[in-house]
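Protein chains: 2
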Amino acid sequence: MPNSQYRYLQRHFSDLIRDNKLKSGTKLPSEREIGEAFKVTRVTVRQALQNLEAEGLIYRQNRRGWFVTPPAVVYDPASHLSFNRYVAEQGSTPHTEKLAQQVEPANAKIAQLMCITEGTPVLFLHRRRYINLRPILIEKMYINLDLLPGLENEDLSQSLSQLLQQKYQREYRDMDLSFKSTALPSHAANDLGISTGQAGLQVERINYTSDKKVLEIDYEFWRHDAVTINIAIRD
Amino acid sequence: MPNSQYRYLQRHFSDLIRDNKLKSGTKLPSEREIGEAFKVTRVTVRQALQNLEAEGLIYRQNRRGWFVTPPAVVYDPASHLSFNRYVAEQGSTPHTEKLAQQVEPANAKIAQLMCITEGTPVLFLHRRRYINLRPILIEKMYINLDLLPGLENEDLSQSLSQLLQQKYQREYRDMDLSFKSTALPSHAANDLGISTGQAGLQVERINYTSDKKVLEIDYEFWRHDAVTINIAIRD
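The listed protein sequences derive, respectively, from chains A and B. So that you can map any letter, position 118 of the first sequence is 118 in the UniProt record's numbering, and since no number is skipped, the others follow by simple counting. So that you can map any letter, position 105 of the second sequence is 105 in the UniProt record's numbering, and since no number is skipped, the others follow by simple counting.
Excised from the complex, chain A in its bound form (with noise of 0.2 Å):
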């Protein structure tokens, strides 16, 4: 029976996951190999590794195959650590690669956050970080050159946090978050190589200057299965 077949593989793979005996970051036999070495068919195999995905267990990286997936990361947002920073302190190692930048007018939306007037120039920021070599997050942030000039002439690679520090002795401090757990739109899910309808975790955020100017507006698309929010809620 195919259905017990591949119940059968999902459980030997995900236990094999859950002792650690298959680590986290592992590339898995391929779906050829694995359905020779249990007699099974391709459709089998691909039935289990999907199940696992969809549980989190393992990832498919777009024409390299499958991974046990790595613990997530947990981001806390009232901590103000940069994503290098809590990356690194969680020991694993964080990259940021810049997919593109631009100075542009801001559209009604971006304006009406900023309190600025439609068409003024903003800094659109378009990135992709990694954990340990795995892309997980895309972001798309719009930065208010008004209170930042020059920024597009800075390597935009770097963390933001720090630039916003040292150029301009501007921290990040008060946010406006919003999450929701979603299917990636189809821009999100090829930047990070994964299928379009995938499941993901959006989260939009405004960063304010201590004295409530809006610095930034960020729309993060993260993997699924890369993110833990942990916030505390204090009065």
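Mimicking DSBU-like on lysine-lysine, the simulated pairs with C-alpha atoms at most 30 Å apart in a straight line are:
#1 K23/B to K109/A
#2 K180/A to K98/B
#3 K109/A to K21/B
#4 K180/B to K27/A
#5 K140/A to K180/B
#6 K180/A to K27/B
#7 K109/B to K180/A
Here are some chain B residues the structure puts well away from chain A; computed CB gaps all over 10 Å:
#8 S4
#9 H187
#10 D211
Note that these hints are calculated values from the structure, not bench results. Even for Gly, the Cβ is constructed at its ideal location relative to N, Cα and C.
Following the hints, position chain B against chain A.
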């Protein structure tokens, strides 16, 4: 070409929904009826509908068909509003159904979090919550009976916040929250009447009393399209 056919169908319905010509909560025609109207196969119809579901525009209720997804409710944990209150304030009708309750010995994990001895009786409560008659949230809660003696004898399908206030003069105040976008585990998917592996938002919450004791530990499983979480971080 089936590929362009399902994309055409997908676009057709997404336009109707975005233009509000198909209103939230509306039942779509059956898959058979759509196939006949557009002269396409059932496979094509199904592909288009599944893509619309992944986009969060429609949802399927087991055995009842496809419906247009209502707007997500906004949950702001720092507001300390009860589910009943914030859903009602957003113009919708909340409903809570108790699925199970039982006084049981605390297991090691719950005991450690609650700082009580393993085996101390705690109240386990399992509820399903609805917005406008749509099941959107499964709660599994462990409640500290040392702090709320006799709670197991109350009507536990009503608002717990209200019960705590009226009977025990206690309020939910500080909390630790953890969010994760995840494939819904089968128990939660079954309770929500959707397929296992569909995306959902998993929330873990520890509620503290004003004197820092653990009142309650909640595990929540939300439909991914039913909720947006908003949080303001202020120093």
